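Peer 1: Take a look at the letters that make up each chain.
2 protein chains.
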Amino acid sequence: MSKIKLTYFDFSGGRGEPVRMALAIGGVDFEDHRISIDEFRQMREDLPLKAVPTMEVDGVVYTQCNAMTRYAGRLTGLYPEDPWQAFLCDELMEAIEDTSNALVKTFGLEGDEMKAAREELVNGTFTQYLNFFSQRLDAAGGEHFADKRLTIADLKVFSWVRSLNAGFLDHVPTDLTSRVAPQLMEHMNRVAKDPRVASYLADIE
Amino acid sequence: MSKIKLTYFDFSGGRGEPVRMALAIGGVDFEDHRISIDEFRQMREDLPLKAVPTMEVDGVVYTQCNAMTRYAGRLTGLYPEDPWQAFLCDELMEAIEDTSNALVKTFGLEGDEMKAAREELVNGTFTQYLNFFSQRLDAAGGEHFADKRLTIADLKVFSWVRSLNAGFLDHVPTDLTSRVAPQLMEHMNRVAKDPRVASYLADIE
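Heads up: the protein sequence lines correspond to chains A and B, in order. Mapped onto the numbering used here, the consecutive letters of the first sequence carry residue numbers 1 to 205. Mapped onto the numbering used here, the consecutive letters of the second sequence carry residue numbers 1001 to 1205.
Hints may contain errors.
[Said to hold, decoys possible] Calculated pairs, DMTMM-like style, for lysine to aspartate or glutamate (alpha carbon to alpha carbon, straight line, at most 25 Å):
(1) A:105 with B:1119
(2) A:5 with B:1094
(3) A:5 with A:29
To be clear, the hints were calculated from the coordinates, so they are not data collected in a lab. What you are looking at is a predicted structure, and each value in this text was computed from that prediction instead of being measured.
Sequences are here, hints too, so could you generate the full structure?
Peer 2: What follows is the structure, given as structure tokens:
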């Protein structure tokens, strides 16, 4: 199989970041093609489903971020082989996509309309999902989300929580996670200290 | 592990049907808990993410339909073990969720607003995705979506195409698939003739 070319925005979050993280920390040699919003607008109509991330393999452009993350996880041993542990991973990863879908609905809004939509998101979906992830983490033993070790589910939640905390989403308070789900802050710090993740973060920052 | 209890609406489609199909045709003994819209409204606030399908295992209620379908596929041999074939399955299954998310946005609309939204859906997302699935089927050899055999990706697309054709979505023409992607009609008929699927359909109809 030829080298994977992953195309996504040049920022540390969103739907593409967990794929990049999994490939990078698992030591897969891939092309990390980072694009600007303008470049995306220019290529959008030619993309299979008009969205990024895309993953090009052997000249074919593929879609769907969780499919990519899972594939990267399989290549790198970061996805459980046990069916039930894989299910636990999958449930978390798909739930993160629910939050992305809810967030995307607020893109393009402005002024008071944006503020109201984001506040509803923060107090509704985001709070609900932070609580849900916190409960799942607790049920899995409190350290990792599945398989008692670092998996792509950890990378997915890590990347999302980091984005919430980063302050680049208007009207999303950077202390939301620490107020609602302090356990997820501990989880974020735990993942960041994993030597493979620490090395990745040092490379990109 | 205790018996799986799957809770979903009592109709042959939507996010729960591929899970039921995979469990049933794979011979898994599960509780097929079918609910009405009213029952859903009554239980909604108590559900982990206020949505169905849910899958209860050992007293815990889990969410996310594709995670469930994939788990059912693993239990029944309907999900490829090969990482690349599994990726091809996953891409298709997640793309179907894109169409569900687009459809859900039209729920609750009425009159001309509903008509306009559904026509936009039909001519936009639905047509785009039918073409996409058709191309993927072609690339996989034209018979099945992955692994050259029946997998959960086939069940997922089958269930979706059947729903499009069924006429229970207002303003979605029942000949949409046959006009846009005749290959997917052939695929639907092929899947329906699989003895395991034929037996399942005979049981529920």
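Peer 1: Each hint should be assessed against the structure and marked as holding or not.
Peer 2: Against the structure, the hints:
no.	hint	verdict
1	A:105 with B:1119	holds (20 Å)
2	A:5 with B:1094	holds (20 Å)
3	A:5 with A:29	holds (10 Å)
Against the hints set out earlier in the document, no violation occurs for any number.
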